[in-house]
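Student: Sequence:
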Amino acid sequence: ELVLLVVLVELLVVEVVVVLDVVVVELVLLLLVVLLVELVLLVVLVELLVLVVVVVLVVVVVELVLLVLEVLLVELVLLVVVDVVVELVLLVVVLDVLLVELVLLVVLIELLVLVV
Numbered sequence: 003e004l005v006l007l008v009v010l011v012e013l014l015v016v017e018v019v020v021v022l023d024v025v026v027v028e029l030v031l032l033l034l035v036v037l038l039v040e041l042v043l044l045v046v047l048v049e050l051l052v053l054v055v056v057v058v059l060v061v062v063v064v065e066l067v068l069l070v071l072e073v074l075l076v077e078l079v080l081l082v083v084v085d086v087v088v089e090l091v092l093l094v095v096v097l098d099v100l101l102v103e104l105v106l107l108v109v110l111i112e113l114l115v116l117v118v
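Each residue of the sequence shown is one higher than the one before, starting from 3 at the first, in my numbering.
None of these hints come from the bench; they were simulated from the model. Any given hint might turn out to be false.
Unchecked claim - DEER-style ranges, computed between Cβ atoms:
1) L100 to V63: 54 to 62 Å
2) L110 to L75: 50 to 58 Å
3) V105 to V67: 53 to 61 Å
4) V9 to L29: 28 to 36 Å
5) L74 to V94: 29 to 37 Å
6) V61 to V83: 58 to 66 Å
7) L51 to L75: 30 to 38 Å
8) L44 to V11: 45 to 53 Å
9) V61 to V30: 44 to 52 Å
10) V54 to V87: 45 to 53 Å
11) V105 to L78: 37 to 45 Å
In this text, all values refer to a predicted model and were calculated from it rather than measured experimentally. Virtual Cβ for every residue (Gly too), placed ideally from N, Cα, C.
Could you put the whole structure together from the sequences, leaning on the hints where they help?
Tutor: Quick look at the structure:
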C-alpha cells in the first residue's frame with residue numbers, strides 16, 4: 003500500500019511538471035504573439051511616419067512652386083510697366099518729331115510768303 007502511495011505521489015508530481023511545462027510553453031507562445039503584434043504596430047507606425055514626411059515634403063514643394071509663380075507674376079507685371087513706359091517715351095519722341103515738322107512747315111510757309 004505504501005508503494006502504491008509513493009507511485010501515486012510520483013505520478014502526481016509528473017502530472018504537475020507536465021502541466022507546468024504546458025503553461026510555460028503557452029506563456030512563451032503568448033509572449034511571441036505579443037511581440038509579433040508589437041512589431042506589426044511598429045512597422046505601421048514607421049509607415050505612417052514616412053507618409054507624414056512625404057506629405058510635408060509635398061507641401062513644401064507646392065509652397066516653393068507657388069513662391070516661384072508669385073515671383074514670375076511680379077516679373078511679368080514689371081515687364082508690362084516697362085513696356086508702357088517705353089511706349090510713352092516713343093509717343094513723346096513722335097510728338098517731338100511732329101512738332102519739329104510743324105515748325106519746319108511754318109518756316110517753309112514764311113519763306114514762301116517772302117518769296118512771293
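Student: Do L44 and V11 keep their Cβ atoms within the hinted range of 45 to 53 Å?
Tutor: About 49 Å separates the Cβ atoms of L44 and V11, which means 45 to 53 Å holds.
Student: Does the hinted range 30 to 38 Å hold for L51 and L75 at CB?
Tutor: For L75 against L51, whose Cβ atoms are near 36 Å apart, the range 30 to 38 Å holds.
Student: Given a hint of 58 to 66 Å, does the C-beta separation of V61 and V83 actually sit inside it?
Tutor: The hinted range 58 to 66 Å is violated for V61 and V83, with Cβ atoms some 33 Å apart.
Student: Given the hint of 50 to 58 Å, is the C-beta distance from L110 to L75 inside that range or not?
Tutor: Holds, since L110 and L75 (Cβ atoms, about 52 Å apart) stay within the stated range.
Student: Just to be sure I understand the hint, the distance between the Cβ atoms of L100 and V63 should be within 54 to 62 Å; is that true here?
Tutor: 55 Å Cβ-Cβ, so the 54 to 62 Å window holds.
Student: Measuring from beta carbon to beta carbon, are V105 and V67 in 53 to 61 Å?
Tutor: holds, 57 Å
Student: That 28 to 36 Å hint for V9 and L29 (C-beta), does it hold up?
Tutor: Since the Cβ atoms of V9 and L29 sit about 30 Å apart, the hinted range of 28 to 36 Å holds.
Student: Note whether the CB distance of V61 and V30 lies within 44 to 52 Å or breaks it.
Tutor: The hinted range 44 to 52 Å holds for V61 and V30, with Cβ atoms some 47 Å apart.
Student: For the hint 29 to 37 Å, verify it against the beta carbon of L74 and that of V94.
Tutor: holds, 31 Å
Student: For V54 and V87, compare the CB-CB distance with the range 45 to 53 Å and indicate the outcome.
Tutor: holds, 50 Å
Student: Is 37 to 45 Å right for how far apart the beta carbons of V105 and L78 are?
Tutor: For L78 against V105, whose Cβ atoms are near 41 Å apart, the range 37 to 45 Å holds.
Violated hint: 6 only; the structure is consistent with all others.
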